[in-house]
Amino acid sequence: MKRVLVPILAALAAIGLALTVWGIFVITPMEQNLFYSQKIFYWHVPNAFMLFLAVFVCGIASIAFLRKRDHRYDDLGLAAAELSVLYGAIVLVTGSIWARAAWSTWWVWEPRLVTSLLLWLIMVGYVLVRRFAGAGAERLAAGLAIFGMVDVPLIYKGVSAGDRHPQAKVVQTLDPSMKLTFWLSVLTFLILFVALLLTRIQSARAERQLREIHDRGLDLGLLES
Amino acid sequence: MKDLRVELRSREILYTTGFFAVLLVVVFSFAFPHDEIAVAGATPGMLWVIMAFAGTVGLGRAFDREREGDTMRALLLSPAPRLAVFFGKALAITALVATVAAISAPLLALLLQAPVFVNPLEVAVALALGAIGFALVGSVFAAMLLRTRSRDVLLPVVLYPILVPLFIAGTHATAEALPPVPNLDAAWYWIQFLAVYDAIFFGVALWTFESLVIE
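As they're listed, the protein sequences go chains A and B. So the working numbering is basically just the index in the first sequence, starting at one, shifted up by 17. So the working numbering is basically just the index in the second sequence, starting at one, shifted up by 15.
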């Protein structure tokens, strides 16, 4: 079952992606004020959802890891952290492209942008720690994830003054085909997220087991360091 | 307490980080234009950058000393409650960072004619709360980094993103308390923000320190 799950999810995501592209460019009507630039929302917003989902998963996994000391939670945390860096990059790039078209500037210092950027920086820090800190990195990274999760509302509060980001309440008033395409896109990226997460967990586990076997070999004197 | 006592005897960290802060002030006085408006605008930023940089240097050194003697293990094994170890560290770092701020603020006024002493109470409270927050978060991360590789680079890499709200609130509080347009209500709002930040991370640090640091 596990073996076929990831290919099935990947295939579903591929179909969903094709449908979404068709929906975005053929089905949905043109938005009155923003024209083509609005189309990027269908990808930008679902990816932002996935960014926050990934960070949330990483934070919960980190707490569970510190509580239980079970390395499976740590694999999950690492996988989610790397994905959050990926999704964060996509969100920041697509957001900048849209901002260039709509606000005629690549970047403004605005609450959601700054919060996303800093969240992304925390997660990059997490990945850097995992890669370069050597032994004991899991716990440090878990601590970073927990502190980071606590930090996010504070960052948001600290920078929120004069918000001109498009507001989420607009979603209520959309054309049905727009809504359908949007939620299809969310679903697609969610499936892709799960598929990537599972793959990364498997490789993280394999890496860890290889390391443990290597250490045991060293202990038994079968391997040379 | 032990940290403070060792530090008072040797004064190694205090002298080195204090001098580092002085050097930063000198660098800033070359790096920024000297007209009144530019200096007034940049003063809060300079104060907090000095605190962050000098604090990081001091923090790394304070915990390196534990590693050299492998005393952290002894401390954690000792009958003293583990949280007392944490508080000792955090207290020493708070004192260090506060001292750095107390040295660099008059120096900024001296070398750059920075208007640091317009509302001394607000500025001092903001800097003190900043020092406490820096020490709380910094002590946890520096303690965790003890056993890892390349800790000198990783300390700021993990610490600064977490400290960003502190720096935002701190620079705002200082800026509102200083010319060109002092606004004390806004300054106190940001000071409260700093206090909330300190309280929250005090809780998080208490909650996580044991499970993060103990082997």
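The hints are simulated quantities; they were obtained by calculation from the structure and are not laboratory data. Hints may be right or wrong, so weigh each one.
[To be verified] Just some of the chain B residues that point at chain A, by a computed CB distance under 7 Å:
| no. | residue |
| --- | --- |
| 1 | H49 |
| 2 | M159 |
| 3 | T163 |
| 4 | S165 |
| 5 | V173 |
| 6 | P176 |
| 7 | I177 |
| 8 | V179 |
| 9 | P180 |
| 10 | V219 |
| 11 | L221 |
Even for Gly, the Cβ is constructed at its ideal location relative to N, Cα and C.
Restraint satisfaction for B/P180 [CB to CB of chain A, less than 7 Å]:
Because about 4 Å separates B/P180 from the closest Cβ in chain A, which is inside the 7 Å limit, the hint holds.
Hint B/P176 vs chain A: min CB-CB distance below 7 Å?
Holds, about 4 Å.
Given B/V179 as an interface hint, is its Cβ closer than 7 Å to any Cβ of chain A?
Holds, because the Cβ-Cβ distance from B/V179 to chain A comes to roughly 5 Å (cut-off 7 Å).
Is the interface hint satisfied for B/L221? The criterion is a beta-carbon contact with chain A at less than 7 Å.
Since chain A brings no Cβ nearer than about 13 Å to B/L221, farther than 7 Å, the hint is violated.
Would the stated hint for B/T163 survive a check requiring a Cβ distance to chain A of less than 7 Å?
Because about 4 Å separates B/T163 from the closest Cβ in chain A, which is inside the 7 Å limit, the hint holds.
Can the hint on B/I177 be confirmed by a CB-to-CB distance to chain A that is less than 7 Å?
holds (5 Å)
Let me know if the C-beta of B/S165 comes in closer than 7 Å to any C-beta of chain A, holds or violated.
Since chain A brings a Cβ to about 5 Å from B/S165, closer than 7 Å, the hint holds.
Can the hint on B/M159 be confirmed by a CB-to-CB distance to chain A that is less than 7 Å?
At 4 Å from the nearest chain A Cβ, B/M159 passes the 7 Å test, so the hint holds.
Please check whether B/V219 passes as an interface residue: C-beta within 7 Å of a C-beta belonging to chain A.
B/V219 check passes; min Cβ-Cβ to chain A is 5 Å, inside 7 Å.
Grab the minimum C-beta distance from B/H49 to chain A and call the hint holds if it beats 7 Å, violated otherwise.
Check failed: Cβ of B/H49 comes no nearer than 27 Å to chain A, outside 7 Å.
Would you settle whether the hint for B/V173 is holds or violated, based on the nearest Cβ-Cβ distance to chain A being less than 7 Å?
Since chain A brings a Cβ to about 5 Å from B/V173, closer than 7 Å, the hint holds.
Checked against the numbered hints above, the structure violates hints 1 and 11; every other hint is satisfied.
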